[in-house]
Amino acid sequence: MGASDFVLTRDADKMQQLTNHFDFIIDTVSAGHDLDFYLSLLRTNGVMICVGLPSGEEQLSPFNLVLGRRSIAGSLIGGLPETQEMLNYCGRHNITADVQVIPIQQVNRAYKRILKSDVRYRFVIDLASLK
Amino acid sequence: MQIFAARSARREIVRIMIPVKGYAARSATSALAPFAFERRELRPKDVLIDILYCGICHSDLHLVRNEWGRSIYPMVPGHEIVGRVIENGKHARRFKKGDVAAVGCFVDSCRKCSNCKDGLQQYCTGGLVLTYNGYEKDGKTITRGGYSTRIVVDEDYVLKVPPKLPLEKVAPLLCAGITTYSPLRYWKIGKGHKVAVLGLGGLGHMAVKFASAFGASNCIKRFTKQAARCQTNGRV
Numbered sequence: 001m002g003a004s005d006f007v008l009t010r011d012a013d014k015m016q017q018l019t020n021h022f023d024f025i026i027d028t029v030s031a032g033h034d035l036d037f038y039l040s041l042l043r044t045n046g047v048m049i050c051v052g053l054p055s056g057e058e059q060l061s062p063f064n065l066v067l068g069r070r071s072i073a074g075s076l077i078g079g080l081p082e083t084q085e086m087l088n089y090c091g092r093h094n095i096t097a098d099v100q101v102i103p104i105q106q107v108n109r110a111y112k113r114i115l116k117s118d119v120r121y122r123f124v125i126d127l128a129s130l131k
Numbered sequence: 001m002q003i004f005a006a007r008s009a010r011r012e013i014v015r016i017m018i019p020v021k022g023y024a025a026r027s028a029t030s031a032l033a034p035f036a037f038e039r040r041e042l043r044p045k046d047v048l049i050d051i052l053y054c055g056i057c058h059s060d061l062h063l064v065r066n067e068w069g070r071s072i073y074p075m076v077p078g079h080e081i082v083g084r085v086i087e088n089g090k091h092a093r094r095f096k097k098g099d100v101a102a103v104g105c106f107v108d109s110c111r112k113c114s115n116c117k118d119g120l121q122q123y124c125t126g127g128l129v130l131t132y133n134g135y136e137k138d139g140k141t142i143t144r145g146g147y148s149t150r151i152v153v154d155e156d157y158v159l160k161v162p163p164k165l166p167l168e169k170v171a172p173l174l175c176a177g178i179t180t181y182s183p184l185r186y187w188k189i190g191k192g193h194k195v196a197v198l199g200l201g202g203l204g205h206m207a208v209k210f211a212s213a214f215g216a217s218n219c220i221k222r223f224t225k226q227a228a229r230c231q232t233n234g235r236v
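Taken in order, these protein sequences are the chains called E and W. Each step along the first sequence adds one to the number in my numbering, with nothing skipped, and position 70 is 70. Each step along the second sequence adds one to the number in my numbering, with nothing skipped, and position 9 is 9.
Hints are supplied without guarantee of correctness; some may be wrong.
[To be verified] Here are the simulated EDC-like cross-link-like pairs (lysine to aspartate or glutamate), alpha carbons at most 16 angstroms apart as the crow flies:
1) W/Lys191 with E/Asp23
2) W/Lys90 with W/Glu38
3) W/Lys112 with W/Asp156
4) W/Lys96 with W/Asp154
5) W/Lys160 with E/Glu85
6) E/Lys131 with W/Asp108
7) W/Lys140 with W/Glu38
8) W/Lys97 with W/Asp108
9) W/Lys97 with W/Asp154
10) W/Lys169 with E/Asp98
11) W/Lys137 with W/Asp50
12) W/Lys164 with W/Asp99
13) W/Lys137 with W/Asp154
14) W/Lys188 with E/Asp23
15) W/Lys188 with E/Glu82
16) W/Lys90 with W/Glu155
17) W/Lys90 with W/Asp118
18) W/Lys21 with W/Glu67
19) W/Lys96 with W/Glu155
20) W/Lys96 with W/Asp50
21) W/Lys96 with W/Glu38
22) W/Lys97 with W/Asp50
23) W/Lys160 with E/Glu82
24) W/Lys45 with W/Glu87
25) W/Lys117 with E/Glu82
26) W/Lys169 with E/Asp23
27) W/Lys45 with W/Asp118
28) W/Lys160 with W/Asp99
29) W/Lys21 with E/Asp126
30) W/Lys140 with W/Asp99
Quick caveat, the hints were computed from the structure, so don't treat them as lab data.
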């Protein structure tokens, strides 16, 4: 996939080493989590970009923003020109998603597995199963 | 006269509907189940797409379970759609029959606000029409998504798919792909940047792929056992 490192957030020692480390954080988590903690991993001027939408509200203390001139930002999908640009880029660089294809009859089971994070990394419904 | 009116009204009803099979949630607590419904007749700029694949996005779960408090039932989810154009409206010219076409999270917008004019339809301030769980511009027709056999969309809101990519792997690009690509581009993330990707699901894994392709060094963070498995398999 191209990642150069990988850390479980339960690994407290390793997480400590990553304080003031990143220029950017892309936050894709769609469940509640501790934004303050992750902000502390950003370097000065670092930006945390939220793209996941948890259902609850998140708490945030200004300290981690002010002390490192850090920002927290959000971003929603993309417009038509940029979506086309992204697809073309994927075509040129052969980038696609890692998927598990299922018939639509298994959609409810797939939902249960998504809630357990038991999918690598996207379920895709094959609509031939409905025709 | 009355008879004539009734006849033409009946003909109208037959003409305007395109029957579709789908899967729908009837309430926040019910499982998805088969659901027959109808799409609108092709308007001049519409295309009819035979859907091949539709990705399952985490938003589908949030909306089916009414976790954002704005769900409309029965709901046919799905906004990562790839299919083939099987029919063109009278003035629809962008696609030929048989062309691969893709539809993402929205199927129309106001086309007049400054964001629409800048190609930032996702931030439309005049009424973005979501692919599902929204209303068409008439304000009453519920939009229904890609967990279905066919969809009718204005051709201007349909994307072209480059050749040779496996289509089942393209479907998630329409939400998970663009959702991560767009901020990486906006903030010009690339060489010399250290990037952390939080969460390794559909979005996270695409963020890692794009950030790497753009030259940034990546680090993934994950809460669950799944990631540990991936690591030992050398997949990440």
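Hints and how they fare:
1. Between W/Lys191 and E/Asp23, the direct Cα distance comes to roughly 11 angstroms. Compliance with the 16 angstroms bound is thereby established for this hinted pair.
2. Distance check on the hinted pair: W/Lys90 and W/Glu38 sit about 20 angstroms apart at the alpha-carbon level, beyond 16 angstroms; violated.
3. For the hint linking W/Lys112 to W/Asp156, the alpha-carbon distance of about 14 angstroms falls within 16 angstroms, and the restraint holds.
4. Proximity of W/Lys96 to W/Asp154 is assessed by CA-CA distance (about 14 angstroms); at most 16 angstroms being required, the pair is judged to hold.
5. Straight-line distance between C-alpha atoms of W/Lys160 and E/Glu85 comes to about 10 angstroms, which keeps the hinted pair within the 16 angstroms bound.
6. With a C-alpha separation of about 27 angstroms, the suggested pairing of E/Lys131 with W/Asp108 is violated against the 16 angstroms cut-off.
7. Pair hint W/Lys140 plus W/Glu38 holds up; C-alpha atoms about 14 angstroms apart against a cutoff of 16 angstroms.
8. A hinted pair counts as satisfied when its Cα atoms are at most 16 angstroms apart, and W/Lys97 with W/Asp108 does not qualify at roughly 22 angstroms.
9. At most 16 angstroms may separate the alpha-carbon atoms for a hinted pair to count; W/Lys97 and W/Asp154 meet this at roughly 15 angstroms.
10. Taken as a hint, the W/Lys169 and E/Asp98 pair is honoured in the structure, with Cα atoms around 6 angstroms apart against an allowance of 16 angstroms.
11. A C-alpha spacing of about 23 angstroms is found between W/Lys137 and W/Asp50, which places the hinted pair above 16 angstroms, so the restraint is violated.
12. Simply put, W/Lys164 and W/Asp99 have alpha-carbon atoms about 13 angstroms apart, close enough for the 16 angstroms limit, and the pair holds.
13. Taking the CA atoms of W/Lys137 and W/Asp154, the gap is about 12 angstroms. The hint holds against a cut of 16 angstroms.
14. With a C-alpha separation of about 11 angstroms, the suggested pairing of W/Lys188 with E/Asp23 holds against the 16 angstroms cut-off.
15. Only pairs whose Cα atoms come within 16 angstroms are accepted, and W/Lys188 paired with E/Glu82 is accepted, the gap being roughly 14 angstroms.
16. Restraint check: the Cα-Cα separation between W/Lys90 and W/Glu155 comes to about 11 angstroms, which is no more than 16 angstroms; the hinted pair holds.
17. Distance check on the hinted pair: W/Lys90 and W/Asp118 sit about 27 angstroms apart at the alpha-carbon level, beyond 16 angstroms; violated.
18. With a C-alpha separation of about 26 angstroms, the suggested pairing of W/Lys21 with W/Glu67 is violated against the 16 angstroms cut-off.
19. For the hint pairing W/Lys96 with W/Glu155, the CA-to-CA distance comes to about 11 angstroms; that is within 16 angstroms, so the pair holds.
20. Annotation: proposed proximity of W/Lys96 to W/Asp50 holds, straight-line Cα distance about 13 angstroms (limit 16 angstroms).
21. Only pairs whose Cα atoms come within 16 angstroms are accepted, and W/Lys96 paired with W/Glu38 is rejected, the gap being roughly 23 angstroms.
22. Between the alpha carbons of W/Lys97 and W/Asp50 the distance comes to roughly 10 angstroms, so the proposed pair stays at or under 16 angstroms and holds.
23. Proximity of W/Lys160 to E/Glu82 is assessed by CA-CA distance (about 12 angstroms); at most 16 angstroms being required, the pair is judged to hold.
24. As the CA atoms of W/Lys45 and W/Glu87 are separated by approximately 11 angstroms, the hinted pair is consistent with the 16 angstroms bound.
25. Distance hint between W/Lys117 and E/Glu82 is fulfilled; the C-alpha atoms sit about 13 angstroms from each other, no more than 16 angstroms.
26. Of the pairs offered as hints, the one joining W/Lys169 and E/Asp23 is violated, with about 30 angstroms between alpha carbons and a cut-off of 16 angstroms exceeded.
27. In summary, the hint linking W/Lys45 to W/Asp118 is not supported, as the alpha carbons are separated by about 21 angstroms, beyond the 16 angstroms threshold.
28. A distance of roughly 8 angstroms separates the Cα atoms of W/Lys160 and W/Asp99; the hinted pair therefore holds under the 16 angstroms criterion.
29. As the CA atoms of W/Lys21 and E/Asp126 are separated by approximately 14 angstroms, the hinted pair is consistent with the 16 angstroms bound.
30. For the hint linking W/Lys140 to W/Asp99, the alpha-carbon distance of about 31 angstroms lies beyond 16 angstroms, and the restraint is violated.
Figure legend: structure checked against the earlier numbered hints; hints not met, in rising order: 2, 6, 8, 11, 17, 18, 21, 26, 27 and 30.
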